[in-house]
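Chains as they are written, first to last, in my numbering: chain F, 1 to 458; chain U, 459 to 773.
Careful: at least some of the hints might be erroneous.
Unchecked claim - Straight-line Cα separation of at most 16 Å, EDC-like style, residue types lysine to aspartate or glutamate; simulated pairs:
{"#": "1", "chain 1": "U", "residue 1": "Lys-496", "chain 2": "U", "residue 2": "Glu-550"}
{"#": "2", "chain 1": "U", "residue 1": "Lys-496", "chain 2": "U", "residue 2": "Glu-515"}
{"#": "3", "chain 1": "U", "residue 1": "Lys-636", "chain 2": "F", "residue 2": "Glu-344"}
{"#": "4", "chain 1": "U", "residue 1": "Lys-645", "chain 2": "F", "residue 2": "Glu-216"}
{"#": "5", "chain 1": "F", "residue 1": "Lys-186", "chain 2": "F", "residue 2": "Glu-174"}
{"#": "6", "chain 1": "U", "residue 1": "Lys-687", "chain 2": "U", "residue 2": "Glu-727"}
Said to hold, decoys possible - Residues from chain F shown here face chain U by an in silico Cβ test under 10 Å; the list is partial:
{"#": "7", "residue": "Pro-218"}
{"#": "8", "residue": "Ser-281"}
{"#": "9", "residue": "Ile-284"}
No lab work stands behind these hints, which were simulated from the structure alone.
For glycine and all other residues, C-beta sits at the position ideal for the given N, C-alpha and C.
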Amino acid sequence: MEFTSWTYPVFLTCVVCSYWILKKRYLQNALLLVLSYLFYGWIHPWFCTLIAASTFLDYSTALGMECYPRFKKGFFTLSLVGNLGLLATFKYFNFFIENVQALGLAQEWRGLSLMLPVGISFYTFQTLSYTVDCYRGHLKARRNFLDFALFVSFFPQLVAGPIERASRLLPQLEAPRQWRSERLLKAAPLFLLGYFKKLVVADNLAIWVDRIFMLETPSPLLLFVGSLGFAIQIYGDFSAYTDIARGSARLLGIELMENFRSPFLALTPSDFWRRWHISFSSWIRDYLYIPLGGSRVASWYKSLSVLLITMGLSGLWHGAAWHFVAWGLYHGLLLFAYKSLGIEAKWQPKTLLQKISAWALFQTLSVIGWGIFRTPSLSWLGQAIFHPSWGLGHAELLTAAFLLLLYLGYSGLWLSHHWMRHLEKRALWLQSTWQWATLAALLMLANRVPQQFIYFQF
Amino acid sequence: MRHLFLGTLTLLCLYFTFIHDRHGGADIIPRLQALEAKSPKLVLLGNSMLRAGVDEERLSEHLGCTAFKAYCNGSASAWWYLYVKNVIGKMEQPPRALVLLFRDHFLTDPSFRTTGPYAMPIRTLSEPSEPLLTALLGQEFGYSPLVWASQEAKERWETRIMKTTAKLARVPKATQYKAVAAVFDEKRMQAELLTQQQLSSESTRGLAVYDFDSQVSSSFLPHLLAELKKLEIHAIFVRVKRRRELSPDSKSLELQGYMQALTNYLSQEGAYLIDFSDEICIGEEHYGPGDHLNEEGQRLFTTLLAEKLDSVVTR
Chain F
1 MEFTSWTYPV FLTCVVCSYW ILKKRYLQNA LLLVLSYLFY GWIHPWFCTL IAASTFLDYS
61 TALGMECYPR FKKGFFTLSL VGNLGLLATF KYFNFFIENV QALGLAQEWR GLSLMLPVGI
121 SFYTFQTLSY TVDCYRGHLK ARRNFLDFAL FVSFFPQLVA GPIERASRLL PQLEAPRQWR
181 SERLLKAAPL FLLGYFKKLV VADNLAIWVD RIFMLETPSP LLLFVGSLGF AIQIYGDFSA
241 YTDIARGSAR LLGIELMENF RSPFLALTPS DFWRRWHISF SSWIRDYLYI PLGGSRVASW
301 YKSLSVLLIT MGLSGLWHGA AWHFVAWGLY HGLLLFAYKS LGIEAKWQPK TLLQKISAWA
361 LFQTLSVIGW GIFRTPSLSW LGQAIFHPSW GLGHAELLTA AFLLLLYLGY SGLWLSHHWM
421 RHLEKRALWL QSTWQWATLA ALLMLANRVP QQFIYFQF
Chain U
459 MRHLFLGTLT LLCLYFTFIH DRHGGADIIP RLQALEAKSP KLVLLGNSML RAGVDEERLS
519 EHLGCTAFKA YCNGSASAWW YLYVKNVIGK MEQPPRALVL LFRDHFLTDP SFRTTGPYAM
579 PIRTLSEPSE PLLTALLGQE FGYSPLVWAS QEAKERWETR IMKTTAKLAR VPKATQYKAV
639 AAVFDEKRMQ AELLTQQQLS SESTRGLAVY DFDSQVSSSF LPHLLAELKK LEIHAIFVRV
699 KRRRELSPDS KSLELQGYMQ ALTNYLSQEG AYLIDFSDEI CIGEEHYGPG DHLNEEGQRL
759 FTTLLAEKLD SVVTR
């Protein structure tokens with residue numbers, strides 16, 4: 001079931017009403033669990049067997065680690081192999097076969113015709129974080145299977161995150177919740193902005209961005225403009241999902257984490273990764289980057305290797321294709337380059353000019369990265385970059401100008417949201433007017449053929 | 459209270475600016491005027507297959523009479539029915555014959571290409587009341603003023619942006635439009651991706667796809683034929699050759715059965731069917747992206763069509 005389908009508001013209304021009628025926590029959790037499975041298996045019911053298997057595996061291995069400390073490593077390995085095996089089978093097996101066969105090997109092997117279960121990358125990472133935390137002793141293994149199963153399958157964040165840590169979500173599911181009417185008032189702006197970002201900004205820009213990436217050989221200028229459009233599209237799309245997820249969870253008395261913190265204001269690569277897909281980047285930092293040595297590695301080549309491995313795997317998480325890996329490696333190189341120049345996490349520009357220059361430089365590099373992410377193939381990208389002309393012809397310049405104005409035309413109201421947040425306490429009437437204007441713009445400009453959320457394919 | 463008042467005011471302004479008194483049919487008069495200006499003896503009706511596949515001038519020359527191409531990219535039977543009823547039906551001097559280009563079984567799938575981006579062209583060719591559309595398309599085609607208004611608003615918004623760009627760049631609007639059209643011309647696109655796009659838009663919602671008998675009575679086809687009979691226009695249906703029909707084993711038994719039933723039905727109704735699906739002259743080298751013919755293909759197909767039409771019309 002998609003957030004942008006007509007069935008979702010009906011589903012959510014039924015969930016919220018029946019949820020708050022039940023007073024007991026365990027009944028509320030049981031209801032949520034059943035409805036989360038219904039939500040997940042709406043189109044493909046067999047997906048539920050996989051998430052159920054993953055739930056049972058991690059519940060039992062975590063308990064096993066606690067009850068049988070002698071076999072702690074064995075249970076942990078079982079969980080790792082199980083979760084990563086699931087991911088590898090459904091997401092990477094065919095990619096692996098294709099690449100092996102491209103080397104002229106194993107020609108007799110056949111790929112699997114398996115559908116990629118929606119959200120598998122998200123919930124396997126979520127459950128893996130639970131077992132790793134239990135293994136490290138940071139978390140006690142849960143005895144209550146119902147609460148744990150709900151932690152894995154909680155429908156607002158099941159399909160495209162945020163990837164919640166057990167230490168944050170489980171206590172909320174284990175605590176009693178009571179209805180407060182302010183939840184509705186606090187959830188409404190999230191829904192409004194979420195649907196606006198998705199249906200007005202992301203889906204309308206997608207039409208034009210797709211056209212650019214469907215060109216046989218675009219010029220570098222059009223490629224850059226297309227990449228910029230995609231950067232806005234993917235941010236709108238993904239942050240919209242998070243907003244709707246947070247709004248839905250808030251109605252149920254659960255607070256999900258913020259997944260984005262104005263990434264277009266980032267000045268450096270490390271600043272960007274503290275603002276973009278925060279739940280994923282913090283997961284990668286805590287469970288991959290730091291165990292590999294993190295920023296404490298002594299030599300430059302080890303530091304480069306750690307960054308490239310971490311970011312390369314981050315890219316691969318997004319999809320079984322080399323351009324995703326290339327995007328990850330690109331960010332790894334950027335992080336290394338900035339680090340080598342002494343511009344690390346705590347760097348702050350001293351002057352306004354420095355700030356603007358840093359921002360302009362990094363955002364340009366980031367947009368180039370989004371071009372790598374979106375490209376249909378690396379060979380297509382190569383042809384576009386080494387295009388005979390720069391695309392400074394009359395028609396291309398006019399088209400580029402139109403597209404830039406179009407991006408502003410659709411995302412202008414969204415940009416004003418940042419300014420509106422500063423007026424929170426002072427000018428309530430202005431905020432209220434802005435909300436109504438956003439609703440009007442949503443009703444008038446929403447794309448009537450909603451595209452699937454981009455992160456569903458991961 | 460103040461917020462409620464503001465909100466109500468905003469929505470009322472919205473309603474009266476965009477929604478109130480808005481009805482469709484915006485395209486009927488312009489299309490009628492274009493048709494009357496040419497006064498054709500022969501009207502060809504179809505979608506982008508017609509746009510790409512037939513050269514109007516060449517066809518007119520071959521046949522020795524004026525031919526007129528009436529098409530809408532992405533259109534199907536609903537739009538074709540409305541064109542016959544609301545445009546051709548209003549002509550003072552209707553054409554002698556109507557040639558309708560179609561693919562496979564889409565003549566009898568009433569809901570094909572009626573939603574999403576394909577809904578607006580239908581709206582702009584509809585009268586305020588279209589009982590047949592509501593009857594055949596049901597819930598999916600409700601006259602929701604908000605849906606239509608929002609589609610118009612979106613198009614106007616993008617048009618406004620286009621005009622603003624032209625103003626800022628100090629070029630005429632037409633130059634701006636042409637520039638964008640030239641950059642995104644179909645010939646500059648990756649053909650395989652366009653083909654994939656075309657095929658993925660042809661999902662038919664799990665109908666018994668090739669069951670002619672169960673489909674025909676709840677399709678636009680009988681009503682279209684009735685309109686043509688009323689106007690005393692000869693109906694000629696042309697089945698175009700799809701790219702996948704280049705392969706000899708592309709036609710399933712069900713499709714063959716369907717085509718046989720369609721041929722019999724049209725014959726009973728006094729309409730002609732010209733079937734190019736087996737035309738061996740049309741090869742892979744004549745295709746562009748998807749099922750669209752390229753320039754060479756257009757030249758060839760126009761000649762072949764003219765020859766067939768000549769023999770049909772003289773009968």
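How the hints compare with the structure:
{"no.": "1", "hint": "U:Lys-496 x U:Glu-550", "result": "holds (12 Å)"}
{"no.": "2", "hint": "U:Lys-496 x U:Glu-515", "result": "holds (12 Å)"}
{"no.": "3", "hint": "U:Lys-636 x F:Glu-344", "result": "violated (47 Å)"}
{"no.": "4", "hint": "U:Lys-645 x F:Glu-216", "result": "holds (9 Å)"}
{"no.": "5", "hint": "F:Lys-186 x F:Glu-174", "result": "violated (22 Å)"}
{"no.": "6", "hint": "U:Lys-687 x U:Glu-727", "result": "holds (9 Å)"}
{"no.": "7", "hint": "Pro-218", "result": "holds (9 Å)"}
{"no.": "8", "hint": "Ser-281", "result": "violated (32 Å)"}
{"no.": "9", "hint": "Ile-284", "result": "violated (32 Å)"}
When held up to the earlier numbered hints, the structure conflicts with 3, 5, 8, 9 and fits the remainder.
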